[in-house]
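Asker: Generate the whole structure from the sequences, applying the supplied hints.
Sequences listed follow chains A and B, in order.
Take any residue in the first sequence, note its place counting from 1, add 479, and you have its number in this note's numbering.
Take any residue in the second sequence, note its place counting from 1, add 479, and you have its number in this note's numbering.
Hints are computed from structural coordinates only; laboratory data are not their basis.
It cannot be assumed that every hint is accurate.
Since the list gives no way to pick one copy over another, a pair counts as held whenever it fits inside one copy or between any two copies.
With a straight-line cut-off of 25 Å between C-alpha atoms, the simulated DSS-like cross-links for lysine-lysine are [unchecked claim]:
| hint | residue 1 | residue 2 |
| --- | --- | --- |
| 1 | 719 | 658 |
| 2 | 561 | 670 |
| 3 | 633 | 680 |
| 4 | 784 | 513 |
| 5 | 670 | 726 |
| 6 | 670 | 633 |
| 7 | 703 | 670 |
| 8 | 726 | 768 |
| 9 | 726 | 658 |
| 10 | 482 | 768 |
| 11 | 719 | 680 |
| 12 | 633 | 676 |
| 13 | 703 | 719 |
| 14 | 768 | 504 |
| 15 | 577 | 633 |
| 16 | 719 | 633 |
| 17 | 526 | 513 |
| 18 | 784 | 526 |
| 19 | 676 | 703 |
2 protein chains.
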Amino acid sequence: MSKIVIGLDIAGGDFAPNCNFEGAKLVLENLSDKIHLVLIGDENVIKTGLSSYGIDENAVSIFHAPEVIEMGDTPMRALMSKPNNSISVGLGLLKAGKIDGFASAGNTGAIFGASVVALGTVIENIRPCMMTFVPRLNNRDALMLDIGASADSKPENLYQFAMLGHTFYKYIMNVENPKTGLINIGEEPEKGNEVVKAAYKLMNGSTDFNFIGNVEGNELFSDKADILVCNGFTGNVVLKLCEGFYKLSRHFGFSNEYLERFNYENQGGSAVLGINGAVVIGHGISNGKAIMNMVKFSAEIVENKLPWRIKEALSSNEQ
Amino acid sequence: MSKIVIGLDIAGGDFAPNCNFEGAKLVLENLSDKIHLVLIGDENVIKTGLSSYGIDENAVSIFHAPEVIEMGDTPMRALMSKPNNSISVGLGLLKAGKIDGFASAGNTGAIFGASVVALGTVIENIRPCMMTFVPRLNNRDALMLDIGASADSKPENLYQFAMLGHTFYKYIMNVENPKTGLINIGEEPEKGNEVVKAAYKLMNGSTDFNFIGNVEGNELFSDKADILVCNGFTGNVVLKLCEGFYKLSRHFGFSNEYLERFNYENQGGSAVLGINGAVVIGHGISNGKAIMNMVKFSAEIVENKLPWRIKEALSSNEQ
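Answerer: Below is the structure:
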């Protein structure tokens, strides 16, 4: 079997480029039977980095992209003024089929926006979104989406997030008929804001996924739902609050296997769902381990043909 | 100094009436120098309860209200079909000045709705809201509002929540110029959904409170803001997620003084802000300790003339 080729943005992350060399080294040590890395960024920076991290140049590919989008840059402005930035170059390689997936811990807005523009959406009327994992106490992680790609969502968007989530959970988590819940402030269908109430009506009785109703904030860690659908505003607040709790627990020296599942290092980042390609965005503060897991997660998405599965699911729904 | 008279709804709570007798007993044991209780509910139930809990009938007052609004009742329907329910009777006593404050762990929607109707809002154009405390690591609790009184909020509502929160924090927490933040998904003014972006513009530079900008989910436990403004949907999800985390920590046997501040038993419930009267709603699962703290919190609100202070602050803003 040929290896999965993942493009890694060397310029991405608060601690770039070093975090990416550390990550690349871990990928080579742990996943080289399965993954081939293409390092994307300034060639000189890459060669110097490989040498100082003791990585054999022949073990990876290098693709030159001299410009850098900084973490604080305004996404669209930066993408336009720096056409040879590592994100755009990486997405170009993905579109051209030179790599199978692209992974970056860089500027989230820039990666998300450029992905949608460069690769296109799987169907015409869809708003792509981003996902995260929510550790459940007695079960594997739940999937939550959207986590901030859009701040405002219409009921139809939430319905599509449910379809994206269903397909993700089926093919990546290998659960045949996962339970989809709507994050809300009460159990009853008539609870919530106008958008969520309308989304409930759309989702209830759907044959596209297995809708189990509303899920409240204190139920996210339970087995109630495998997929947690919400608008990007709510999802982002929940995601960051979980980070806050994880930090608190570390602060107090509380630690166990379950809590470690909240650690971003182990989560692999957030896949962009609804576009024609495998793109994973890592946490800005990624260290080497987080970068390795981001690359690994990208490869899982490629291996399970997720973008193609999603296109298939949503295209059949359109007809 | 005369005692503060608090009306306690005997029929309120999942474990009513017993939780309320337990709570009343704790109030008598710990706070009787300051608080006089009026127990509101079915007279026979109250007399039987007092006797079986060994409470002297002469230590409290009793006000007969034979009907009960159940936790699962549809609020408005129940309020109309049961005019002699303990909530409406209690609010009637409050309006008539027979009690100084009203506390109930009953049906939240019914208490909130009946409070607004019976007591009226402090100014004409205001949406009352509910609050909770968010424990901060290195400081006293932050105040978060709204936590679910309204699921949809306009920018003007969020602005008013900030004024309510500022007044609360100034007079209840005794902080002269507390910092007000807006819960959002990024630090920059242009981040967030349309409502939050518009609210930021309204709040920025306000002389009604000390606006310090956006606060993200992972910053709620930090010192960044004393007052956390959000719509009721977001606030409710955050509140319940905090409950979920507290439960997780208990599940794992993690415990310390800080974590105990997340325990609803110690928080005293949620005050209804923006109405002409001191009303506190307790958690449905309240036990005796939680009921005592709910009564204590009600008395603090009365003692610090909070509804009147809020009316003053908002009325001067109207002119």
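Asker: Among all the numbered hints in the text so far, which are the ones the structure does not match?
Answerer: 15, 18
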